[in-house]
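Undergrad: Knowing the structure of chain A, use the given hints to seat chain B on it.
Listed in order, the protein sequences are those of chains A and B.
Residue 156 is where the first sequence starts when you use the working numbering, and the numbers rise one by one after that.
Residue 156 is where the second sequence starts when you use the working numbering, and the numbers rise one by one after that.
For the record, the hints were derived by calculation from the structure and aren't laboratory data.
Which residues of chain B face chain A? A few of them, derived with a C-beta cut under 8 Å, are: (1) TYR259; (2) SER261; (3) VAL265; (4) ASP266; (5) GLY267; (6) CYS289; (7) ASN293; (8) ILE294; (9) ASP319; (10) PHE322.
For each residue, glycine too, the CB sits at the ideal point set by N, CA and C.
Protein chains: 2
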Amino acid sequence: MSFKVLTSIKSVDNFLLEHRNNKKISLIHTMGNIHEGHIALIKRAIKETDIVIVSIFINIIQFDKTEDINNYPENLNKDKKILKELGVHALFAPKLDTIYPQNYSSYIIVDGLSDVLCGITKPLQCNGFTTLMCKLFNIVKPHYLYLGEKDYQQLIIIKKMIDDLEFNITVKSVQTVREKSGLALSTRNSFLSPREIIDANLLYKALKHAKDLFKKGEYSTNKLINAIENTLHEGVTLQVDYIAIVDSDTLNKLMTATKGSHIIIACYCGSTRLIDNISLKG
Amino acid sequence: MSFKVLTSIKSVDNFLLEHRNNKKISLIHTMGNIHEGHIALIKRAIKETDIVIVSIFINIIQFDKTEDINNYPENLNKDKKILKELGVHALFAPKLDTIYPQNYSSYIIVDGLSDVLCGITKPLQCNGFTTLMCKLFNIVKPHYLYLGEKDYQQLIIIKKMIDDLEFNITVKSVQTVREKSGLALSTRNSFLSPREIIDANLLYKALKHAKDLFKKGEYSTNKLINAIENTLHEGVTLQVDYIAIVDSDTLNKLMTATKGSHIIIACYCGSTRLIDNISLKG
Numbered sequence: 156m157s158f159k160v161l162t163s164i165k166s167v168d169n170f171l172l173e174h175r176n177n178k179k180i181s182l183i184h185t186m187g188n189i190h191e192g193h194i195a196l197i198k199r200a201i202k203e204t205d206i207v208i209v210s211i212f213i214n215i216i217q218f219d220k221t222e223d224i225n226n227y228p229e230n231l232n233k234d235k236k237i238l239k240e241l242g243v244h245a246l247f248a249p250k251l252d253t254i255y256p257q258n259y260s261s262y263i264i265v266d267g268l269s270d271v272l273c274g275i276t277k278p279l280q281c282n283g284f285t286t287l288m289c290k291l292f293n294i295v296k297p298h299y300l301y302l303g304e305k306d307y308q309q310l311i312i313i314k315k316m317i318d319d320l321e322f323n324i325t326v327k328s329v330q331t332v333r334e335k336s337g338l339a340l341s342t343r344n345s346f347l348s349p350r351e352i353i354d355a356n357l358l359y360k361a362l363k364h365a366k367d368l369f370k371k372g373e374y375s376t377n378k379l380i381n382a383i384e385n386t387l388h389e390g391v392t393l394q395v396d397y398i399a400i401v402d403s404d405t406l407n408k409l410m411t412a413t414k415g416s417h418i419i420i421a422c423y424c425g426s427t428r429l430i431d432n433i434s435l436k437g
Numbered sequence: 156m157s158f159k160v161l162t163s164i165k166s167v168d169n170f171l172l173e174h175r176n177n178k179k180i181s182l183i184h185t186m187g188n189i190h191e192g193h194i195a196l197i198k199r200a201i202k203e204t205d206i207v208i209v210s211i212f213i214n215i216i217q218f219d220k221t222e223d224i225n226n227y228p229e230n231l232n233k234d235k236k237i238l239k240e241l242g243v244h245a246l247f248a249p250k251l252d253t254i255y256p257q258n259y260s261s262y263i264i265v266d267g268l269s270d271v272l273c274g275i276t277k278p279l280q281c282n283g284f285t286t287l288m289c290k291l292f293n294i295v296k297p298h299y300l301y302l303g304e305k306d307y308q309q310l311i312i313i314k315k316m317i318d319d320l321e322f323n324i325t326v327k328s329v330q331t332v333r334e335k336s337g338l339a340l341s342t343r344n345s346f347l348s349p350r351e352i353i354d355a356n357l358l359y360k361a362l363k364h365a366k367d368l369f370k371k372g373e374y375s376t377n378k379l380i381n382a383i384e385n386t387l388h389e390g391v392t393l394q395v396d397y398i399a400i401v402d403s404d405t406l407n408k409l410m411t412a413t414k415g416s417h418i419i420i421a422c423y424c425g426s427t428r429l430i431d432n433i434s435l436k437g
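Chain A extracted, bound-state conformation (with noise of 0.2 Å):
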């Protein structure tokens, strides 16, 4: 099957209908840039379903006045080129007006979820991401969605919409891809000086320090927020939005770490804002 790019909705709707037939679909959605934590869901993709599309979308109404939408990078020629190269069977890779058009309304709110972490500080994130998601997976309809772990909150929604709603599709999370230093991979990091690196380094060396003391038996969220605290203070350029300690589950936040709980950073990094997230499982 050749690499197919898609723009428009009814375009997807004729590559469904003529590869469908009892094939699993899967979906990996991205606002292009396509770096190796994209490549490491794709990869899993295409071995473990039989047709792999990939969505590139700058979800605007995910971004909050403060983040420049126009400097997110867009390289679409060179994104095509990596997916056709890895296998990728279609790039649905829709107009703004095609997702979003005039006078569009219709929203999906996750209540309790959406509204913490950074749903506080960025309070259209989550229902702009939910609702894109919505919208992708009745175009594409996919059996499976293949989502990284970077963005924690956002899998633990994603998962609460698709059960909450009846959507078909099984979620397979995907362990975040780091650089050598730990540093998840993200478009953000290319924003970064290299004064900026080095700081944002210490995110993932903060949260397995905190991991470290929890298997040490340190249980109290306070102490652990603190320790994190202190790491993170070593970064000159970094201020902390939130470190939370949270259930894995319900991300309701938590006096007493558990081997089921997670800690989430959202760090700004500069002007950047950057985020990493730790199970203290195992």
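TA: For chain B alone, coordinates are given in the frame of chain A:
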């Protein structure tokens, strides 16, 4: 094909797997108490599609506290008998926790349509209905949705949601079925006392009178609304919730009525809330 009663989501999946092959599936959602209004929808669906699925579910999240949901009548056995005799292929009658398990938290909002008219008095009603319909769409996977025109706002909101979220479903709207007196059929009519029924008949009388005035050249929506109020004032048990003349597609309130307008009324008749509407077309 024999009549099936399905209560679990899995049983709907199995039913569909067995019968789906290229067949046109239609959905008619009700809260039970099947009456001639529902029957008109069902008969059209049977005529026009291959598999007709009726859902019965009292959608608790679209009731507000002022309504006594416990008084909402249930006649499931009677309904089953009627549906079977009509030739309906399956009834989906889920339990409350099949649709809304504990910790349920995903909702669909339709901005600008859910927060006007009935959305002001009954804020839960509109979001509750879109959320249920989204779930039913994902469970039943219908090609066609048959919906009455009595709740005109609901009809417009569902059309907008289907369009915005890319559900591949065609809405077939069916004219409101009325008593000889003009009263729109509704389960709620059974709550009315003989005196209240006489007053309730004024709703359609007022709508028709306003339409007559419009045809004679009265385009001022203020004057048309005044005329409706005057008619409704004849009913001692009536209390107007709202009278609105709106664009038939956007539900925006208008100063000047046109053939593309709709008049929508919501009225308390004693303690029972009744709605009705009329198109100014034709």
